[in-house]
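Asker: As a plain string of letters, each chain reads:
2 protein chains.
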Amino acid sequence: MKRRSVLASLAASAAGGRAAAQEARQLGAGRRAYGGRSPEVHATRFFGDSPTPGTGASRTPLQDTVGVITPSSLHFERHHSGVPRIEAARHELLVHGLAGRSVAFSMEDLRRLPSVSRVHFIECAGNSGREHAGNPGETAQKSHGLVSGSEWTGVRLSTLLRIAGVQGQAQWVVAEGADAARHSRSIPIAKAMDDVIVAYAQNGEPVRPEQGYPLRLVVPGWEGNVHVKWLHRLQLTAGPAMSRDEAASYTDLMPDGRAWQFSFEMDVKSVILRPSGGHALSGPGFHEISGIAWSGRGRVKRVDVSVDGGRTWQPAALQPPVLDRSLTRFTLPWAWDGRDTWIMSRATDETGDEQPTRDRIVAMRGTRPGPDGFNHYNGIKAWHVTSGGQVTHV
Amino acid sequence: MKRRSVLASLAASAAGGRAAAQEARQLGAGRRAYGGRSPEVHATRFFGDSPTPGTGASRTPLQDTVGVITPSSLHFERHHSGVPRIEAARHELLVHGLAGRSVAFSMEDLRRLPSVSRVHFIECAGNSGREHAGNPGETAQKSHGLVSGSEWTGVRLSTLLRIAGVQGQAQWVVAEGADAARHSRSIPIAKAMDDVIVAYAQNGEPVRPEQGYPLRLVVPGWEGNVHVKWLHRLQLTAGPAMSRDEAASYTDLMPDGRAWQFSFEMDVKSVILRPSGGHALSGPGFHEISGIAWSGRGRVKRVDVSVDGGRTWQPAALQPPVLDRSLTRFTLPWAWDGRDTWIMSRATDETGDEQPTRDRIVAMRGTRPGPDGFNHYNGIKAWHVTSGGQVTHV
Chain A
56 MKRRSVLASL AASAAGGRAA AQEARQLGAG RRAYGGRSPE VHATRFFGDS
106 PTPGTGASRT PLQDTVGVIT PSSLHFERHH SGVPRIEAAR HELLVHGLAG
156 RSVAFSMEDL RRLPSVSRVH FIECAGNSGR EHAGNPGETA QKSHGLVSGS
206 EWTGVRLSTL LRIAGVQGQA QWVVAEGADA ARHSRSIPIA KAMDDVIVAY
256 AQNGEPVRPE QGYPLRLVVP GWEGNVHVKW LHRLQLTAGP AMSRDEAASY
306 TDLMPDGRAW QFSFEMDVKS VILRPSGGHA LSGPGFHEIS GIAWSGRGRV
356 KRVDVSVDGG RTWQPAALQP PVLDRSLTRF TLPWAWDGRD TWIMSRATDE
406 TGDEQPTRDR IVAMRGTRPG PDGFNHYNGI KAWHVTSGGQ VTHV
Chain B
56 MKRRSVLASL AASAAGGRAA AQEARQLGAG RRAYGGRSPE VHATRFFGDS
106 PTPGTGASRT PLQDTVGVIT PSSLHFERHH SGVPRIEAAR HELLVHGLAG
156 RSVAFSMEDL RRLPSVSRVH FIECAGNSGR EHAGNPGETA QKSHGLVSGS
206 EWTGVRLSTL LRIAGVQGQA QWVVAEGADA ARHSRSIPIA KAMDDVIVAY
256 AQNGEPVRPE QGYPLRLVVP GWEGNVHVKW LHRLQLTAGP AMSRDEAASY
306 TDLMPDGRAW QFSFEMDVKS VILRPSGGHA LSGPGFHEIS GIAWSGRGRV
356 KRVDVSVDGG RTWQPAALQP PVLDRSLTRF TLPWAWDGRD TWIMSRATDE
406 TGDEQPTRDR IVAMRGTRPG PDGFNHYNGI KAWHVTSGGQ VTHV
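Chains as they are written, first to last, in my numbering: chain A, 56 to 449; chain B, 56 to 449.
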């Protein structure tokens with residue numbers, strides 16, 4: 056849209072003068088030591104009932120979020136054996152194996168060391184599995200809610216490994232959590248020495264319990280389960296541990312029966328969040344389309360949006376900051392003519408990877424989503440806008 | 056420090072093997088719709104007792120924060136008549152005065168419009184007034200806790216003014232809040248059309264009540280009180296309103312008795328947060344020095360740190376992202392020799408402005424802090440590290 060027509064449409068949309076003004080007439084509430092949301096705000100993580108609540112997931116209400124930082128209280132969860140209660144004062148991180156020497160770091164040791172803060176997304180390998188299976192979620196929360204963005208702060212893993220010393224034959228680092236499942240994943244030494252963070256803080260405060268308090272591994276761009284929570288052990292090894300979590304779970308079953316293993320990087324992906332399933336457009340006229348894009352391989356380079364079911368595409372604006380392996384917010388001005396249509400987004404990252412259609416993914420990988428099939432679904436997502444303004448899944 | 060000596064110092068510092076390992080032996084806690092902090096984490100905003108709790112301030116526990124995003128629950132507060140309870144569904148923002156027409160925007164209208172997200176600091180004009188007066192705060196929270204950083208999301212003010220239309224003689228915009236005090240400030244039209252945001256969200260969720268729910272003006276780089284909370288009215292005018300908040304309060308009394316008015320921009324400033332007053336170093340050896348710097352005039356260009364009471368200075372590293380009028384995190388590796396010393400930081404912004412000493416400020420402005428004297432204190436802050444490792448204010 057040209058600026059003139061956007062403004063004309065905006066002016067037509069702003070209705071004005073509906074409700075009586077609200078003005079306080081008396082002294083309001085006082086200060087609080089630790090603030091909370093307005094009682095009018097109700098966005099919550101979604102999860103179904105389960106007889107084993109510790110093994111499930113909860114999903115971020117993406118359709119209610121803005122920007123690229125997910126409120127910590129709404130960051131998605133994925134537990135294999137619940138959230139353990141760990142005392143930071145007694146917690147230690149042991150680095151051992153093919154090291155120069157074994158070192159146990161207390162939390163106080165870690166806080167003394169050189170720190171980094173980085174904004175990164177974490178996405179569960181199984182996110183959007185229902186899309187893959189052809190049983191899509193009704194809302195962005197249900198279809199894509201296993202991705203969230205945070206500012207993570209901690210120590211570079213490379214710093215800890217250099218302190219312990221890395222023997223020549225050490226090619227992998229096995230990271231283990233202190234949860235009852237001892238969730239563990241193996242990471243190639245090249246990645247470990249590159250950009251991995253042993254994070255003690257998220258969005259400016261200590262990592263939340265369900266995100267790994269007091270310590271979480273943050274492995275930029277890689278699937279969520281490698282970001283080991285409640286981290287208490289790092290073992291330098293010659294080969295991968297072939298732990299249950301990387302041998303039985305979190306492999307990708309191909310149509311020919313073979314499993315694709317160590318598919319760490321999350322592919323380029325995007326989803327429109329506003330409007331999205333469950334929203335209702337108040338009428339024709341101007342509506343901003345807004346969504347998020349991300350890639351495990353680097354920065355998002357561009358996002359194209361179609362408002363006519365994929366017939367034509369327009370480049371969306373990327374809101375700064377556009378950061379490496381971070382959620383990136385895109386927007387497109389849209390003057391809706393009131394007619395039934397489909398809207399969708401397609402992201403491209405700085406390596407040139409482009410988000411594929413579901414058809415292309417199904418042709419390559421079949422239709423069984425993980426854990427007994429394929430994870431890493433990143434197909435283009437469409438929402439149906441009906442002539443009445445209802446937005447539904449496709 | 057050279058890399059070799061840092062690592063040697065780190066290795067010496069990591070003690071290892073103190074406490075018994077903690078490992079969960081049973082299923083942990085389940086998922087939660089809206090998460091919270093670990094019960095072990097106790098950082099809170101600070102405020103003293105007051106017979107009029109709505110008129111005071113609460114301060115961010117800066118010494119416990121990391122990165123550049125302040126948790127919304129810990130963002131500083133400053134109220135003139137308490138936190139009004141406002142229903143978003145009934146809230147309207149009226150744009151009127153020297154406009155083409157009056158327009159009342161509902162929250163739904165605003166959410167349809169083109170949005171922006173920006174990371175910015177907000178600092179109260181009176182922050183560090185005690186430093187100015189020569190009665191410094193014992194902790195970073197008490198000395199500098201009226202500054203916080205957030206990702207703000209909303210509509211550009213210029214978009215709203217363009218929709219309403221701006222008459223040629225309109226040179227100011229008067230922004231008024233719906234609190235009982237009707238807090239109001241006048242903003243020159245050039246700033247209003249530049250980068251001001253009418254924000255409905257903070258850190259990914261609706262603006263918190265004490266930050267202006269449902270609507271706050273965000274005026275990048277300018278003193279906190281111009282970021283009008285509970286925003287309900289914007290009046291285009293030929294001159295400033297000379298409201299109580301800009302005529303009686305928030306002016307800067309000079310030594311000669313004249314008041315300096317409309318001192319909007321916050322000057323370049325920094326403070327070391329770790330270690331800072333109230334911290335105790337566990338012993339000689341490696342300790343990272345970490346702090347925040349910011350400027351109302353643009354990006355922070357450099358921060359120099361002295362660990363010998365100002366005799367010598369070393370450039371600190373700036374952690375990316377280094378954003379325009381955002382808190383910027385700086386760090387410096389430090390091998391403490393265990394001796395009594397003073398540590399301090401000095402920031403320079405991209406316009407070349409350098410943080411002054413307190414002596415220079417006092418020579419220029421006298422020693423009376425606002426509201427009956429001078430706001431905008433930005434002097435270099437020193438912390439005293441005793442040979443026992445106690446860190447105290449100077």
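Fair warning: there could be bad hints in the mix.
Said to hold, decoys possible - FRET-style restraints, in silico, Cβ to Cβ: (1) B:GLU405 - A:GLU405: 21 to 31 Å; (2) B:ASP363 - A:THR107: 54 to 64 Å; (3) B:MET297 - A:GLN77: 18 to 28 Å.
To be clear, the hints were calculated from the coordinates, so they are not data collected in a lab. A virtual CB, placed ideally from N, CA and C, is assigned to each residue, including glycine.
Asker: Check the structure against each numbered hint from earlier and tell me which ones fail, lowest number first.
Answerer: No numbers; nothing is violated.
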